[in-house]
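Trainee: Sequence:
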Amino acid sequence: MSMIIAYTDGGARGNPGPGGYGVRIESTSGDLLAELREPLGATTNNIAEYRALLAALTWAAAHAYRELIVRSDSELLVRQMRGEYKVRHPNLKPLHAEAAALVARLDHVTFEHVRREANREADRLANLAMDEANRESGKGDRPLFRN
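Each residue of the sequence shown is one higher than the last, beginning at 27 in the working numbering.
Simulated from the structure, these hints should not be mistaken for laboratory data.
C-beta atoms are modelled at their ideal positions from N, C-alpha and C, and glycine is treated no differently.
Any given hint might turn out to be false.
So the derived label-pair ranges between C-beta atoms look like this [unchecked claim]:
| hint | residue 1 | residue 2 | range |
| --- | --- | --- | --- |
| 1 | THR54 | ARG161 | 31 to 39 Å |
| 2 | ALA144 | ALA60 | 13 to 21 Å |
| 3 | ARG105 | GLU162 | 28 to 36 Å |
| 4 | ARG141 | ALA88 | 17 to 25 Å |
Generate coordinates for the entire structure from the input sequences, incorporating the hints supplied.
Mentor: Set out below in structure tokens:
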């Protein structure tokens, strides 16, 4: 199969707080192949970013794609996956190891850091997932202002 592009984003409101991720997977010609999102409950931005990456890698492997470009606005994630930064935080080490194992099963994976505006659709999906996580935690039911 041909190469695909996965735009990934994760976030948490409050960091830590209700989080979620979004992934948009496209062909190299820009055709939409999949949109993935998941509310994560209480988490951190960096964990949510890794969960987005894991979802993208798992989807690619499950659909027999062997070549993948991952585009993320998380410089930390991209540099850790390229081996430019060490993974120091104990909560990220198992996620990084899982991602590295999935990458090893594919033929070619490239990690690219992109600006947030180049990652709008993944950001939109991540925000929808965070909205769902907010509702599930009950935080979305509270009024913002009281009289």
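Trainee: Next, verify each hint and record whether it holds.
Mentor: Hint check results:
no.: 1; hint: THR54 - ARG161: 31 to 39 Å; in the structure: 36 Å, holds
no.: 2; hint: ALA144 - ALA60: 13 to 21 Å; in the structure: 19 Å, holds
no.: 3; hint: ARG105 - GLU162: 28 to 36 Å; in the structure: 32 Å, holds
no.: 4; hint: ARG141 - ALA88: 17 to 25 Å; in the structure: 29 Å, violated
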